[in-house]
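A.B. asks: Go ahead and model the full structure; you've got the sequences and the hints to work with.
Residue numbers for the sequence shown follow the numbering used here, beginning at 11 and rising by one.
Any given hint could turn out to be false.
[To be verified] Simulated crosslink set (EDC-like; lysine to aspartate or glutamate; CA at most 16 Å straight-line):
1) LYS158 / ASP176
2) LYS158 / GLU140
3) LYS158 / ASP133
4) LYS161 / GLU140
Bear in mind the hints are in silico, worked out from the structure with no lab data behind them.
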Amino acid sequence: MRAVVESARGPVTLTRCDAQDADLRDADLSEATFVDCTLDRVDLRGAQLADARFVGCRLMGANFERVRGLGFRLERCNLFAATLVGAPLARTDLSGCRLTEAVLRGADLRWCTFDGCDLLNADLHMALLEGADLRGAALGPCDLDRLKAMKGAIVTTRQATEILEDLAGITISDPN
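C.D. replies: Here it is in structure tokens:
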């Protein structure tokens, strides 16, 4: 796959490809588009992803650690147990992505939209979430470390209530 993308003379679009376990470390995938591809356990460590798009892809266990380039997008992707340590995703619309058990440590998620995302058991330690819109996301159980990671994020009253119930074991009643 690396040879196909790197030898292209312009932006490449790959549709319904199967590149499970591919080694794409440090590859230049700038402006590449992957549509409905199976990319489980693909190794993208250090890859250049400027303006790359992943649309409807299965990226379970994929490793995005230390990827470079701004503007790469993940749209409606399954990122179960993926590693996105330090990923530069600020202002990205992550709507519809499954991030269950994903490792997002230190990822830049400022001003991202998480509508319809599943963040159950995602590791958000040291992630930057200022202005991130979590209102449409499934957050799952919350402990103090997870709450600290969500500093600056936007949540609904219902989500805030669930977080307080998880942390303090209290019941919040709204008379209205």
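A.B. asks: Would you list, in rising numerical order, the hints stated earlier that this structure does not obey?
C.D. replies: Those not satisfied: there are none.
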